[in-house]
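*Asks:* Chains as they are written, first to last, in this note's numbering: chain H, 1 to 319; chain U, 1001 to 1550.
It should be emphasised that the hints constitute simulated quantities derived from the structure, not laboratory data. Every residue gets a Cβ at the ideal spot worked out from N, C-alpha and C, and that includes glycine. Among the hints, a few may not be true.
Covered stretches of chain H (in silico footprint by chain U; criterion: 3 or more residues with CB under 8 Å from a CB of chain U, positions within the stretch not fixed) [unchecked claim]:
no.: 1; segment: 53-60
no.: 2; segment: 63-69
no.: 3; segment: 159-173
no.: 4; segment: 185-194
no.: 5; segment: 288-295
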Amino acid sequence: MSVSGSPAEHALALWPPAASHAATHVDYLILAFTAVTLLLTVPIFLAITYFALVYRANRRVDRTHGSDRNVKLELSWMLIPFFLTLTFFAWGAQMFDTAKHPPANALRIEAIGRQWMWKFQHPGGQAEINDLHVPAGQPVLVNMISQDVIHSLYLPSFRVQMETLPGRYTQLWFTANLPGIYRLYCSEYCGTDHSVMDGQITVQSPRDYEHWLSQAGSSQSLAAGGKRLFANYGCTGCHGAAATVRAPMLAGLYGRPVPMEAGGTVTASDDYIRDKILNPDHNLIAGYKQVMPSFAGVIPEDELIQLIAYIKTMQEPGS
Amino acid sequence: MSPLDSLYRDPDTARITLDRPADYLHAEHTLRSWFFTTDHKRIALLYLASITGFFVLGAIAAGLVRLSLVVPNGVIFTNDTYNKLFTMHGVIMVWFFLIPSIPATFGNFLIPLMIGAKDLAFPRLNLLSWYVFMTGALFTMVVLIVGGVDTGWTFYAPFSTTYSNFYVIPALIGVIIVGFSSILTGLNFIVTIHKMRCPGMTWFRMPIFVWTLYATSLIFLLGTPVITLALILLVMERAFHIGVFDPKLGGDPVLFEHLFWFYSHPAVYIMVLPGMGVVTELVAAFSQKRVFGYRFVAYASIGLASITFFVWGHHMFVNGQSQLASTVFSFLSFAVAVPSAVKVYNWTATIHKGAIRLDTPMLYAMGYIGLFVLGGLTGLFLATLAVDAHLHDTYFVVAHFHYIMVGGTMLAFLGGLHYWWPKFTGRMYPEAWGRVGALLIFIGFNVTFFPQFILGYLGMPRRYHVYPPEFQLLNVLSSAGSTILALGYFFPMIYLVWSLWFGKRAPANPWQAKGLEWTTSSPPPAHNFLAIPRVDFEPYDYPIKAPERA
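Go ahead and model the full structure; you've got the sequences and the hints to work with.
*Replies:* Structural data, given as structure tokens:
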């Protein structure tokens, strides 16, 4: 790692770089919490030390005292620290709420974790291993899934991490505001080479990022790749415009509620579409006979991501 | 009123009531009299010897982990060896040392003595518990040393069920077996505390230590079956691919996290509550003063044991758990601070205006309070949703739970060991050496673990064998601290064994302490008391107390 500005050049770090407003905000929260913690604990430490010295057994001091119980006093030192700290519960919960709701205009990066590497893909199809380039100033959403065990994508400079699960998509997002090179890690123990499943995240100005994208080379976008796969796996036979089999039309499907045979609806999310491809017998759709074969073990995760990217682009005719 | 009755209220400090051969240690000498004993005191010592052995092995593994982390490029061990070492450390320390530590040793020895009983309710079941424990623990130990397991003590699926080596199955079977020992011990304690209290020993005359062991036993009884079930499912999944946790087989890996933490969070309180009980006894005895707010402290023990079953989701804020669930778990985790605060502030108020002696046990108790407070409050940081998103699975977590488990449980264990050593063995330990050891352990502990808070905040993930070079200095500091800590541990191991032969003979009550265990000789006779005690006084009936209210 000899990149200029590489984090490896620091011999000793005492404060982690904060590369987003949210990261700075987390730092404020932690500093404020630390201050309250000191307020609550230092008096105890001082009191215990002071009492231990002043009331030593061999000293003649006045030891008469009021009572060996005092409900009001006890309730107060139970509840006042509790309500004081609840401020931080609320503060943290409010920031967590923001973290759970990515903005609609976020740049979407697809990530696949596996023993022991990360693969990132940009919407244009540019792929990176263990390294990730993102533009500053724009929200970036990382949608991720694992091919094997549980991993976790950890970006300390943005103060975020999210477990990368097998069989289910999870997401995290951030808006980088400071161009530079930062570390990324796998933070959930995943076996032999867990500790080298790390890499670098490079935050660039939007123009540099565009330049990087054009240099990185990609024959086709994720959606275009998905369109090709859609034909190769024979999906068009039933779901295509000219299909003779009565299969649900996929145009305009993404994000829409789908009526279930068992009653109720399920929103057509990434997870829903992935699950329908792999396990068509789950969540039977109202009004359709289930004839679709399962593609479990046939279509790998990166192709599923491309297929979903393609299905998302399928517009309802006339819209 | 017999002359004995006043003795129970005011234990005689200088008296040695009993001489060999009538005390429990010298009543019989054969191996058989130890390995087939049903005396709770002898069984406690069997546990003490076994868990000390396990502690040494777990500590060696920890030392090797710290040795490896002196260099950032991981050249000292291979990745697999390192992973097996930290798994060995975690599995041994959690399952075979911390969980049985105070309950199975001090609980076993002291509950009958403190409530004026001859033995536990089910003495033979008690012996069976030890055999069950040793069977499971030794089995897993052999597997860990001969084969090596690399899952970490958390055994997360689908790593453990598909990708790790085969030894995970026998290791899990051993841990499952040990769980039954916990259940039997918990059952025994609960029945004993309900049914075996001597005349006059009402619930609110019981020492706080007994209250905390009662609360701990509830967790043993209610929590352990869940982890047993979860680990059995894990074995079945690994052996027969039944498809509970692996998504490729239609399972859900997050389900294992739920089942695991449903037990393993309360398990933290199996480690913490008995420590709180020990510290309460020490603080009262070495302040010669009644425990401040006895009832609140007693209720707080039951409160902690209850709340702890409803916070397991705070281990799962970053695994895709719903936002609502995470928010509720975060709030409930803050609620744990309420009963914990009662304990800490009430200890402080107990020390206030006491007659304080800074003997070794009290040094450990004071160290405990400081480190437990730090460990507890950093727990609140981790319970804060947005903060956990950064600190989860970093060294901050490692530092936090070591402050609770080593700074808390281990210090309480050592404090209690010194306090009751005369009662266990009939010998005094050397006080000066005791203080030096306590000081070394306190310093070594902080030098080892405080830098890890900073490492975690800087973003160093846990279970990393190879790490970025900017973290080296703090890691070297931490490893240096661990050598001081190890040196500190050597002190009690050596002088306590030395004292068995060369220590001063202990009187019945060397600390001028109150409580029924100090009314009988040191060591006690085989059936604890020469006559069944009768209690007509309040607990912690120390000379320094508030004037009686008119």
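*Asks:* Does each hint fit the structure? Answer for all of them.
*Replies:* Each hint tested on the structure:
Evaluation of the coverage hint for the segment 53-60 of chain H: fulfilled, as 3 residues show C-beta separations to chain U shorter than 8 Å, against a requirement of three. With a cut-off of 8 Å between beta carbons, the segment 63-69 of chain H has 7 residues touching chain U; three or more are needed, and the interface restraint holds. Judged by the Cβ-Cβ criterion of 8 Å, the segment 159-173 of chain H is covered by chain U as claimed, because 10 of its residues qualify and three suffice. Counting residues of the segment 185-194 of chain H whose CB falls under 8 Å from any CB of chain U gives 10; the rule of at least 3 is met.
Counting residues of the segment 288-295 of chain H whose C-beta sits closer than 8 Å to any C-beta of chain U gives 0, which falls short of three, so the coverage hint is violated.
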